[in-house]
Amino acid sequence: MTNKRTLRVGSVQFEAKPGDKDANFRKIEAFVERASNQGVRLIVFPECCITGYWFIRNLSVEQLSQLAESISNGPSTQRLKALAIRYGMTVGAGLVEAGEEGDFYNSYVVALPDGTVQRHRKLQAFEHPAIRSGTEYTVFDLPDGFRVGVLICYDCNLIENVRITALCGADLLIAPHQTGGVRSKNPNLMGLIDRRVWDNRHNDPEAIEREFRGDKGREWLLRWLPSRAHDNGMFLVFSNGVGVDDDEIRTGNAMILDPYGRILAETWKAEDSMVLADLDASLLEDATGRNWIRARRPDLYKPLTVPTGRECDTRTLKFKE
1 MTNKRTLRVG
11 SVQFEAKPGD
21 KDANFRKIEA
31 FVERASNQGV
41 RLIVFPECCI
51 TGYWFIRNLS
61 VEQLSQLAES
71 ISNGPSTQRL
81 KALAIRYGMT
91 VGAGLVEAGE
101 EGDFYNSYVV
111 ALPDGTVQRH
121 RKLQAFEHPA
131 IRSGTEYTVF
141 DLPDGFRVGV
151 LICYDCNLIE
161 NVRITALCGA
171 DLLIAPHQTG
181 GVRSKNPNLM
191 GLIDRRVWDN
201 RHNDPEAIER
211 EFRGDKGREW
221 LLRWLPSRAH
231 DNGMFLVFSN
241 GVGVDDDEIR
251 TGNAMILDPY
261 GRILAETWKA
271 EDSMVLADLD
281 ASLLEDATGR
291 NWIRARRPDL
301 YKPLTVPTGR
311 ECDTRTLKFK
321 E
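Numbering (the numbering used here), first residue to last: 1 to 321.
Some hints here could point you the wrong way.
With a straight-line Cα cutoff of 20 Å, these simulated PhoX-like cross-link-like pairs (lysine-lysine) come out [claimed, not checked]: (1) 302 with 318; (2) 269 with 27; (3) 185 with 318; (4) 269 with 185; (5) 185 with 320; (6) 318 with 269; (7) 269 with 17.
Between beta-carbon pairs, the in silico distance windows are [said to hold, decoys possible]: (8) 247 with 285: 38 to 48 Å; (9) 302 with 169: 14 to 24 Å; (10) 300 with 168: 16 to 26 Å; (11) 19 with 223: 45 to 55 Å; (12) 203 with 135: 45 to 55 Å; (13) 309 with 262: 36 to 46 Å; (14) 301 with 20: 40 to 50 Å; (15) 300 with 140: 26 to 36 Å; (16) 280 with 318: 34 to 44 Å; (17) 186 with 19: 26 to 36 Å; (18) 298 with 223: 36 to 46 Å.
It should be emphasised that the hints constitute simulated quantities derived from the structure, not laboratory data.
All residues carry an ideal CB built from backbone N, CA and C; glycine is no exception.
Whole structure, please, built from the sequences with the hints as guidance.
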């Protein structure tokens with residue numbers, strides 16, 4: 001990768017229809033075409049945007065099986081591959097995966113222009129009792145000279161996951177989410193957005209903007225998201241759902257950050273939207289986080305691999321919040 005190398009990326013937020021893959025794909029296809037016309041080389045869509053997200057927690061195992069797809073030969077993967085090849089663009093989108101052994105995963109598919117596909121299985125899955133957590137980090141090279149990693153939503157909350165992705169050489173983190181406006185018993189965490197505020201957004205845009213820009217959306221993200229980019233010296237592309245997601249309202253806030261944690265592009269629009277940014281590879285070499293990684297003392301970090309006895313599975317933690 002040369003220091004003069006740049007990469008134009010797009011981060012998309014959109015409201016997915018639960019279980020309606022065709023409707024969701026029509027949105028994906030429209031955004032890809034629009035992005036192609038603007039010179040985008042990598043476009044990132046939200047977690048589970050193909051299948052829909054939060055409604056899956058209430059599905060039976062049989063219903064989940066009907067929704068899930070194989071990634072190796074499933075129709076959604078083929079559709080993403082066709083888009084990537086047609087537009088010469090790398091395209092990432094999320095869905096529920098049917099694994100080879102009858103297991104289910106919250107997975108993210110990245111289709112490259114040469115017809116190859118990368119898959120990430122969410123490491124900290126909690127959406128359904130039958131959905132298992134992945135066990136591998138996902139880092140690979142783009143044809144544009146950038147090395148990228150993928151972490152899905154809660155994966156990004158754990159600093160260890162992001163650091164390991166950086167140690168695997170990632171220059172850029174693809175970070176698809178479904179967050180904001182989340183139900184919580186903790187008064188210091190997000191909280192629900194009244195459905196009526198969303199439904200009335202066109203008549204009272206200031207009300208929904210306050211929610212999206214406040215502690216249930218952007219302000220919550222800014223407590224931690226920029227540090228993932230800064231502390232690890234990588235670009236970060238945050239994509240998110242927006243609008244109605246079963247009984248919660250997602251806040252969008254699509255955002256692209258540089259390796260210093262600075263926001264290059266963002267939106268707080270209460271609608272389907274895309275933000276674009278040109279990533280300048282020359283920022284990577286001397287980024288503060290990369291220097292800090294060079295200063296690491298691995299001999300001191302053995303306690304990180306020793307269980308404390310306080311560990312708990314993500315699903316249990318999530319539904320205690």
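- request: Give me the numbers of the hints this structure contradicts, sorted from smallest to largest.
  value: 1, 4, 6, 11, 18
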